[in-house]
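Student: These are the residues of each chain, in order.
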Amino acid sequence: MAPLAPRTGDAVFANVERVNAELFTLTYGAIVRQLLTDLEEVEEVNKQLDQMGYNIGVRLIDEFLAKSGVSSCVDFRETADVIAKVGFKMFLGVTASVTNWDAEGTSCSLVLDDNPLVDFVELPDTCQGLYYCNILSGVIRGALEMVSMKTEVTWIRDMLHGDDAYELRVKLLKQVPEEYPYKDDE
Amino acid sequence: MAAIYSLFIINKSGGLIFYKDYGSAGRMDTNDSLRLASLWHSMHAISQQLSPTTGCSGIELLQADTFDLHCFQSLTGTKIFVVCEPSTLHMEGLLKVIYELYTDYVLKNPFYEMEMPIRCELFDVNLSQAIQKDRVPLLGR
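Residue numbers (this note's numbering), protein chains in the order written: chain A, 1225 to 1410; chain B, 127 to 267.
Mixed in with the good hints, there may be bad ones.
[Said to hold, decoys possible] Only pairs whose alpha carbons sit at most 25 Å apart, straight line, appear in this in silico DSS-like list of lysine-lysine:
hint, chain 1, residue 1, chain 2, residue 2
1, A, K1398, A, K1374
2, B, K146, B, K234
3, B, K234, B, K138
4, A, K1309, A, K1395
5, A, K1374, A, K1309
6, B, K138, A, K1374
7, A, K1374, A, K1271
8, A, K1374, A, K1313
9, A, K1309, B, K146
10, A, K1374, A, K1395
11, B, K146, A, K1374
12, A, K1398, B, K138
13, A, K1309, B, K222
14, A, K1271, A, K1398
15, A, K1313, A, K1395
16, A, K1313, B, K222
17, B, K234, B, K222
18, A, K1313, B, K234
19, B, K234, A, K1271
20, A, K1309, A, K1398
[As the list claims (entries may be wrong)] Pair by pair, the computed Cβ-Cβ distance ranges are:
hint, chain 1, residue 1, chain 2, residue 2, range
21, A, G1253, B, A151, 49 to 57 Å
22, A, Q1399, B, R245, 44 to 52 Å
23, A, A1245, B, E211, 43 to 51 Å
24, A, E1264, B, Q258, 31 to 39 Å
25, B, D250, A, Q1258, 29 to 37 Å
Source of the hints: derived by calculation from the structure; they are not laboratory data. Note that beta-carbon positions come from the ideal geometry of N, C-alpha and C, so glycine has one too.
The following block holds chain A by itself, in its conformation from the complex:
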């Protein structure tokens, strides 16, 4: 019996190796702190976090697919649900909710009430423009790109800036399926 029938987020989370949450939070905090020291400009740090997230995302997607056993999603709505319920649960231990779909079904919000990256964190006045969790937007963008979806991921609400929750806007720009050069009319 092959080990991989699609599992719920909780089942997958129970099966993957986990690391101490505080270690994770503090390590991430140290990374952001170091980036701020090295790059000095908040915008640069935002970009670098996004790039780091992208590099993580392109590799993370295979682990996600291998361990969760999810099959191909029918449409972007299903993709968003899978990211929120299975993906976030598997890697961060929290689930997100999917809201605010636009009319075409290509853009939605992922709302996180609980975010393990930001425990113990306060932003000083000098870093008010910092998107502390920008690595998450890069991870989602990188992961989706490896399954043929070009997306744009931005932060709408951020608790470190005083809002009541974390809200990520994920917009599907286009589907880019693998092209094989076998067309006869070329």
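Model the placement of chain B on the given structure of chain A, informed by the hints.
Tutor: Just chain B now, kept in the frame of chain A:
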């Protein structure tokens, strides 16, 4: 005991990134293995176009007189395929286990460049453990 002859992993562009043979039946030199990998990549792609049904994701099993070829393609385009004795059981399970080993020991290796040939010791070690003949039936867990 049914035997595996060789294992191939190809990246999404069809380049061979990992090849291992088990025993003399599967052995081939580097050029041949590279050629076979790109040949398989093309055949896999063509089969999707030839398929009379929509939503075909390519060849999963090729059965011949002297061997079987089981292929697994991930949603990211990486293909893992194994050439084995005819009627070997549990190969699909093995391919999924190898995919998990790939994600754990290759992709998480910070010195591994994406799409490049795999040179990761932990992957080799864990792969050998997974393939040991007396353990293959146990992979159907």
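Student: With reference to the structure, classify each hint as holding or not holding.
Tutor: Hints, verified against the model:
Of the pairs offered as hints, the one joining A:K1398 and A:K1374 holds, with about 5 Å between alpha carbons and a cut-off of 25 Å not exceeded. Taking the CA atoms of B:K146 and B:K234, the gap is near 21 Å; set against the 25 Å cutoff, the hint holds. Simply put, B:K234 and B:K138 have alpha-carbon atoms about 18 Å apart, close enough for the 25 Å limit, and the pair holds. Between A:K1309 and A:K1395, the direct Cα distance comes to roughly 18 Å. Compliance with the 25 Å bound is thereby established for this hinted pair.
About 21 Å separates the Cα atoms of A:K1374 and A:K1309, which keeps this hinted pair within 25 Å; it holds. For a cut-off of 25 Å, the pair hint linking B:K138 to A:K1374 stands: about 17 Å separates their Cα positions. With a CA separation close to 18 Å, the supplied pair A:K1374 and A:K1271 stays within the 25 Å bound. Between A:K1374 and A:K1313, the direct Cα distance comes to roughly 23 Å. Compliance with the 25 Å bound is thereby established for this hinted pair.
Distance check on the hinted pair: A:K1309 and B:K146 sit about 38 Å apart at the alpha-carbon level, beyond 25 Å; violated. The hinted pair formed by A:K1374 and A:K1395 meets the criterion: a straight-line CA distance of about 9 Å does not exceed 25 Å. A threshold of 25 Å between alpha carbons decides the hint, and for B:K146 with A:K1374 the separation of about 35 Å lies outside it, so the pair is violated. Between A:K1398 and B:K138 the CA atoms are separated by roughly 20 Å; this keeps the pair inside 25 Å, and the hint holds.
At most 25 Å may separate the alpha-carbon atoms for a hinted pair to count; A:K1309 and B:K222 meet this at roughly 23 Å. The suggested pairing of A:K1271 with A:K1398 holds, with an alpha-carbon distance near 22 Å, which does not exceed 25 Å. About 21 Å separates the Cα atoms of A:K1313 and A:K1395, which keeps this hinted pair within 25 Å; it holds. At roughly 22 Å between alpha-carbon atoms, A:K1313 and B:K222 fall within 25 Å of each other, so this suggested pair holds.
For a cut-off of 25 Å, the pair hint linking B:K234 to B:K222 stands: about 17 Å separates their Cα positions. For the suggested pair A:K1313 and B:K234, the alpha carbons sit about 19 Å apart, so the restraint of at most 25 Å is met. Taking the CA atoms of B:K234 and A:K1271, the gap is about 23 Å. The hint holds against a cut of 25 Å. For a cut-off of 25 Å, the pair hint linking A:K1309 to A:K1398 stands: about 23 Å separates their Cα positions.
The hinted window of 49 to 57 Å between A:G1253 and B:A151 holds, with their beta carbons roughly 55 Å apart. About 34 Å separates the C-beta atoms of A:Q1399 and B:R245, a value inconsistent with the hinted range of 44 to 52 Å. A hinted range of 43 to 51 Å for the beta carbons of A:A1245 and B:E211 is consistent with their spacing of about 47 Å. A:E1264 and B:Q258 have their C-beta atoms about 54 Å apart, which leaves the hinted 31 to 39 Å range violated.
In this structure, B:D250 and A:Q1258 meet the distance hint of 29 to 37 Å, their C-beta atoms being roughly 34 Å apart.
The structure is inconsistent with the numbered hints 9, 11, 22 and 24, although it conforms to all the rest.
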